Amino acid sequence: MKTDFFAKLKNALLIGLVLAIGGVAIHLKVKIENLSDTAQLQRVELSALKDSVSYLTTEKGDLVAKVNSVLVEKDNLKEALQSAGFDLKELKDANVKLRKLNFALKAEIKATGEVLTQLQDTFKTVTSTNALTGEVKVDTIPYLKVKDWSNNHLSIFDGSVFNKDLQFNYEYRVGFLFNKEDYAKHSVVTIKLDDPKAKITTANSITIDKKTPWYQKWWFWGTVGAGAGILIAK
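Note that this note's numbering numbers the sequence shown so that position 17 is 17, with each residue one more than the last.
It is worth saying that the hints were derived from the structure and are not from the lab.
Please read these numbers as outputs of a predicted model, since none were measured by experiment.
Any given hint could turn out to be false.
[As the list claims (entries may be wrong)] Simulated crosslink set (SDA-like; lysine to any residue; CA at most 20 angstroms straight-line):
#1 Lys185 to Asn102
#2 Lys106 to Arg173
#3 Lys100 to Asp87
#4 Lys180 to Thr190
[Said to hold, decoys possible] Cβ pair distances, simulated, as ranges:
#5 Thr57 to Val161: 34 to 44 angstroms
#6 Asn152 to Asp75: 43 to 53 angstroms
#7 Glu90 to Lys145: 32 to 42 angstroms
#8 Lys92 to Thr125: 45 to 55 angstroms
#9 Pro142 to Lys180: 24 to 34 angstroms
#10 Thr201 to Ser155: 19 to 29 angstroms
For each residue, glycine too, the CB sits at the ideal point set by N, CA and C.
The task is simple: from the sequences and hints, build the whole structure.
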């Protein structure tokens, strides 16, 4: 009887020890994952605060920008997007499905240049009616017309100078090409603009790691611990 009692006690102690070790392993694993999540979000916040755009000139003389892209896990997607300066409501309004998102880039472009165009003297007639007498008066008002101008990127049109005020409509177009290179812990985004006068002043990017390896999941280590406890108990 004593032998059976001690055998059962030994098995119970072994099972308890294995479960305790498994519990500690799971706790440590969860803690490590939480620390990893925190580190990822801190890297995103740092990249948003620090200007990480660098410029290189290709062999053809083209100017390209390099932006570091922080790698984050899918579980941290919403927090990472917010830390990077993205508006989740705007993304939703733009019909962007977060569960299908695997890359995000936020950039600000600045272009400087010179506009030189001609002014043309012209006039327009203004008709007014006196409310008391009914007399119709026609006035001729001189002003300057600004000739339409474009450099294939920035266009100004319908411009005029009237009463010392310059007014015109404008349109700006720029081609935006990028290529993403993936590395172990991060990605690098190469950006090229087709306007030689345009330059990216600030940029922030995140790349989403879709899957956490199965061997790093907490449930895997919990299962291994429980299975080892059962085998030892037998």
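Okay, the hints, checked on the actual structure:
no.	hint	verdict
1	Lys185 to Asn102	15 angstroms, holds
2	Lys106 to Arg173	18 angstroms, holds
3	Lys100 to Asp87	17 angstroms, holds
4	Lys180 to Thr190	6 angstroms, holds
5	Thr57 to Val161: 34 to 44 angstroms	40 angstroms, holds
6	Asn152 to Asp75: 43 to 53 angstroms	45 angstroms, holds
7	Glu90 to Lys145: 32 to 42 angstroms	39 angstroms, holds
8	Lys92 to Thr125: 45 to 55 angstroms	52 angstroms, holds
9	Pro142 to Lys180: 24 to 34 angstroms	57 angstroms, violated
10	Thr201 to Ser155: 19 to 29 angstroms	22 angstroms, holds
Comparing the model with each numbered hint stated earlier shows that hint 9 is the single one that does not hold.
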